[in-house]
Amino acid sequence: MKISISVNGGAQEHDVEPRTLLVQYLREDCGLTGTKVGCDTSSCGACTVLFEGESVKSCTMLAAQADGGSVTTIEGLAAADGTLHPVQQAFHDKHGLQCGYCTAGMVMAAVGFLDENPTPSERDVREGLEGNLCRCTGYHNIVEAVLAAAETGAVSGGSK
Amino acid sequence: MAVQGSILGNPVKRKEDAGILNGTTEYFDDLKIDGMLHIAFVRSTVAHANLGAIDTTDAEAMPGVVGVYTADNLEMPDVNGFIMLPPTMNRPPLAKGKVRFVGDIVAAVVANTKAEAVDAAETVIVDYDPLPVLVDMEASIADGAIAIHEGQPNNIAFGAAGMGMGAPVEGLMDEADVVVKGRFVNQRVAGVPMEPNGIIAIPEADGAMTAWIPTQGPHGQRGELAGVIGIDAEKLRVRAAAVGGGFGSKNTFHVEFGITAKAAIVLNRPVKWTETRSENMVSMVQGRGQIQYVELGLKRDGTITALRENVLGEAGAYPSLGAFLPFFTHTMACAVYNVPKLEFNWNAVLTNTTSIAAYRGAGRPEATQAIERILDMAAVELGIDPVDIRRKNLMPKFEAPGAPAGSGLAMYDTGDYAAPLDKALEAADYPALRAEQAKRRANNDVKQLGIGVSVYVEITAPAGLHIEYGKVEINEDGSANAYVGTSAHGQGHDTAFSMIVQELLGIPMDKVTLVQSDTALVPRGSGTAGSRSLQTAGSAVFRASEGVLETAKQIAANLLEANVDDIVLGDGGLQVAGVPSKLIGWGELASKAKASGIEGTADGLMHELDFDGQQSSFPFGSHIAVVEVDTETGKVELLRHIAVDDCGKILNPMLVRGQQHGGIAQGIAQALFEWVQYDEDGNPITANLMDYAIPSAAELPSFETYNTETPTHLNPLGAKGIGESGTIGSTPAVQNAVVDALQPFGVKNLDMPASSQRVWAAIQEARG
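Chains C and B, in that order, give the protein sequences. Quick note on numbering: the working numbering labels position 102 of the first sequence as 102, and the sequence is numbered without any gaps. Quick note on numbering: the working numbering labels position 89 of the second sequence as 89, and the sequence is numbered without any gaps.
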């Protein structure tokens with residue numbers, strides 16, 4: 001079936017199998033491999049993207065369900081001039097990533113979370129990121145990064 | 001700009017982050033290879049069976065299928081899982097005659113797309129004739145148990161006896177006033193790197209091959225894979241793209257690599273295997289899995305007189321490194337304590353389960369857990385505070401040349417075990433915690449406080465892994481390349497090793513390129529494992545930089561017509577001391593190296609060597625965990641975790657913190673959450689991330705992390721490993737804290753993980 005999705009602000013049109021997951025579509029049809037696959041039970045959150053400005057695990061959606069909508073992936077988060085989004089910058093500053101495999105999903109989930117909770121407590125952040133697993137950092141610096149990003153006051157989410 | 005002061009010891013941010021944060025860093029699954037086919041495996045759904053007919057007729061006719069393989073039409077030698085093991089237990093990559101665990105590979109399907117391969121694999125029909133299943137080590141070694149491999153009586157794969165050890169010690173407990181006994185289960189856990197396993201095997205001209213593997217050690221994989229697919233190692237190039245975590249599990253050769261690469265050769269097309277998480281949870285090697293029978297002899301005042309441990313270590317169906325890991329448990333059995341006499345016996349036991357190999361700590365967390373748990377039991381029995389009983393037995397501070405481990409199997413390099421304990425107690429405010437605990441106990445509060453203490457020493461760069469290759473070369477544009485035989489997968493080596501080059505040569509770290517993870521570019525290496533990388537490869541980069549500096553000084557001295565002793569580092573090159581105008585930049589030094597005629601410049605301005613640390617190093621530390629146990633529901637909440645880890649001299653405290661945090665989280669996870677389980681038929685019941693409980697941010701607190709710095713004399717950086725320390729120190733601290741909270745109920749021990757159900761049941765049982 002033919003679908004048309006705005007991905008990172010650009011129009012994407014492809015003919016896909018109806019069973020194609022959004023994450024497969026992004027990785028295989030759009031060639032946007034920054035979004036990762038870490039499980040097959042929608043548990044790990046490595047594939048988190050923004051759909052219509054809200055964070056979603058892109059393995060829980062069919063590509064067809066995103067038809068006509070807009071998606072932001074990690075590749076589309078920074079400004080056009082390469083300036084990092086405050087959440088990306090905070091992950092760097094606070095050493096919130098190690099192997100990097102969960103990072104795209106974690107950053108996108110954090111962007112979506114902060115859009116809804118711009119002034120979170122530590123507990124809020126921990127519960128807000130419950131759907132994203134990281135095996136390297138023990139979450140300590142991820143939580144610090146999200147709190148630091150919140151403090152910048154420049155963390156409006158939403159697709160571009 | 002010249003580099004002012006030393007960069008070493010500073011929290012320098014990571015070079016690795018930029019590409020990860022914008023999604024351009026490529027992992028193996030992100031690579032696009034022309035004409036690539038995909039492989040899917042048909043895995044045994046039964047744990048132990050004679051293998052009957054395999055009907056692949058339907059699969060062969062499925063759309064997009066280009067090949068269907070079984071042991072009958074894809075010949076490969078059986079794989080030896082660990083060099084010390086007899087060949088009787090070798091694993092056929094594709095099962096022959098028998099299957100021995102759920103996940104054993106029966107057939108493989110190669111198709112144009114992954115979906116086509118998976119669809120076709122589901123149509124393969126396999127006849128199984130079930131055999132009795134063994135999933136419990138004590139059942140495996142019982143008389144009359146079925147042999148999982150012929151020729152291995154009592155299902156013992158390997159053991160102390162095979163190394164000429166394990167004999168009883170006469171009169172072991174003669175000096176003891178009391179002997180405290182415990183049986184501890186160090187449960188099986190899974191590594192779960194967020195990136196699952198896989199390979200892309202690409203046939204090249206003249207029978208050569210390139211294999212992309214998400215591994216911790218490309219050179220080790222090359223040797224294993226070349227043997228399985230029958231080509232010369234020289235013709236096989238193994239590369240790792242960015243690797244999404246490993247934790248030991250990605251150091252192992254997996255038979256799927258062999259099957260995929262062999263199919264690629266047969267089809268003469270690139271073939272890719274991307275493991276699903278559900279596959280990963282049965283296929284990728286797992287960790288721990290020990291039953292420990294421990295006896296500690298003490299004087300009434302708490303002085304240790306002797307220790308006896310008898311350990312069963314699970315090997316799985318096809319023994320791998322796990323069949324050897326209890327030797328590390330033996331090596332570290334006496335830990336930081338004066339133990340006058342030790343008796344240690346161990347056996348690695350076959351079961352119808354996934355193979356056990358390294359997982360963060362690999363044999364040492366098990367040693368720490370055993371001694372720290374039995375010490376707490378002794379403290380309760382003797383009415384001594386857990387801290388006091390530890391202090392009474394701690395080895396005194398020592399410096400080079402070190403002190404023998406109580407097991408006699410290792411020489412500790414440097415140690416000051418009281419220092420981190422003191423620091424942890426102070427950070428925790430231990431007396432206040434005990435006072436709060438006493439108050440809650442007196443009030444009979446529903447939520448009881450538990451305080452757990454551990455002191456540990458562990459072994460890094462173990463088992464001969466203290467030697468590593470390194471090379472530094474200067475390019476004609478003034479930049480530098482540092483080559484190492486380690487292979488980072490999240491640790492931040494690009495940052496750390498570039499800092500070393502900047503420190504010694506003044507070349508800014510963003511002009512230093514780390515070359516690693518490629519057997520074509522790095523001649524040899526032992527990979528990243530056993531917390532060895534900085535102390536070995538980092539030291540090699542250090543020494544190689546020194547070598548480059550020495551050569552460059554001679555070149556500069558000739559060009560500047562100066563005495564070599566007057567040449568010093570300047571702004572972007574070398575200069576005559578005190579005369580910044582007489583400076584030659586690194587680019588010019590590199591371009592004039594070959595023509596200089598100076599020894600060692602035939603290939604330009606470079607230096608290479610194999611750094612030899614002479615022996616393993618022994619980091620140590622102390623952790624304190626504070627838990628709250630809801631005595632009505634059994635729920636355990638970790639309130640605080642204080643960690644003081646001593647990894648010698650610290651090169652980048654930000655990276656060290658990161659390693660501490662990650663290690664602590666995994667150690668806590670074993671104590672409270674994670675457990676790979678099988679039902680009695682050998683079906684894995686924790687084979688995906690819904691059922692296997694790796695903690696999220698919501699289950700963990702922020703950590704209180706500190707360091708003491710006791711340098712080692714073994715390398716120029718004074719560094720010991722830090723990768724595994726957090727895991728080793730945290731698990732027993734948390735477990736001890738849970739049992740401590742339950743002490744008023746008379747609970748003496750509680751095996752991990754301390755789930756609500758287990759804690760609740762223990763309280764109910766104690767209440768009668």
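For the record, the hints were derived by calculation from the structure and aren't laboratory data. Cβ coordinates follow ideal geometry from the N, Cα and C atoms, glycine included. Please note: incorrect hints may appear among the correct ones.
Stated by the list, open to error - Taking CB as the label site, the calculated pair distances span:
id	chain 1	residue 1	chain 2	residue 2	range
1	B	757	C	118	51 to 61 Å
2	C	53	B	388	40 to 50 Å
3	B	125	C	116	34 to 44 Å
4	B	11	C	119	23 to 33 Å
5	B	58	C	14	53 to 63 Å
6	B	603	C	10	27 to 37 Å
7	B	513	C	79	57 to 67 Å
8	C	118	B	446	35 to 45 Å
9	C	10	B	513	52 to 62 Å
10	C	14	B	764	34 to 44 Å
Unchecked claim - With the Cβ distance kept under 7 Å, some of the chain B side facing chain C (calculated, not the full set):
id	residue
11	685
12	686
13	696
14	698
Right, here's what the structure says about each hint:
At roughly 39 Å, the beta-carbon separation of residue 757 of chain B and residue 118 of chain C lies outside the given 51 to 61 Å, and the hint is violated. Checked against the hint of 40 to 50 Å, the C-beta distance between residue 53 of chain C and residue 388 of chain B comes to roughly 58 Å, which is inconsistent with it. As the Cβ distance of residue 125 of chain B to residue 116 of chain C is approximately 50 Å, the hint placing it in 34 to 44 Å is violated. Under the hint 23 to 33 Å, the C-beta atoms of residue 11 of chain B and residue 119 of chain C, about 27 Å apart, fit the expected range.
Here the CB-CB span from residue 58 of chain B to residue 14 of chain C is close to 30 Å, at odds with the stated 53 to 63 Å. Distance hint check: the CB atoms of residue 603 of chain B and residue 10 of chain C are about 47 Å apart, inconsistent with the given range 27 to 37 Å. A hinted range of 57 to 67 Å is violated for the C-beta pair residue 513 of chain B and residue 79 of chain C, which are about 27 Å apart. For the pair residue 118 of chain C and residue 446 of chain B, the beta carbons lie near 36 Å from each other, so the given range of 35 to 45 Å is met.
For residue 10 of chain C and residue 513 of chain B, the hinted distance range of 52 to 62 Å is not satisfied, since their beta carbons lie about 32 Å from each other. A beta carbon spacing of about 58 Å between residue 14 of chain C and residue 764 of chain B contradicts the range 34 to 44 Å that was offered as a hint. With a cut of 7 Å, the hint placing residue 685 of chain B at the interface with chain C is violated, because the nearest CB-to-CB distance is about 14 Å. Nearest Cβ of chain C to the Cβ of residue 686 of chain B: about 12 Å, over the 7 Å cut. The hint is violated.
The criterion of a C-beta within 7 Å of any C-beta in chain C is met by residue 696 of chain B, whose closest approach is roughly 5 Å, and the hint holds. Checking residue 698 of chain B against chain C: minimum C-beta separation of about 4 Å stays under 7 Å; hint holds.
Hint violations for this structure: numbers 1, 2, 3, 5, 6, 7, 9, 10, 11, 12, all remaining hints satisfied.
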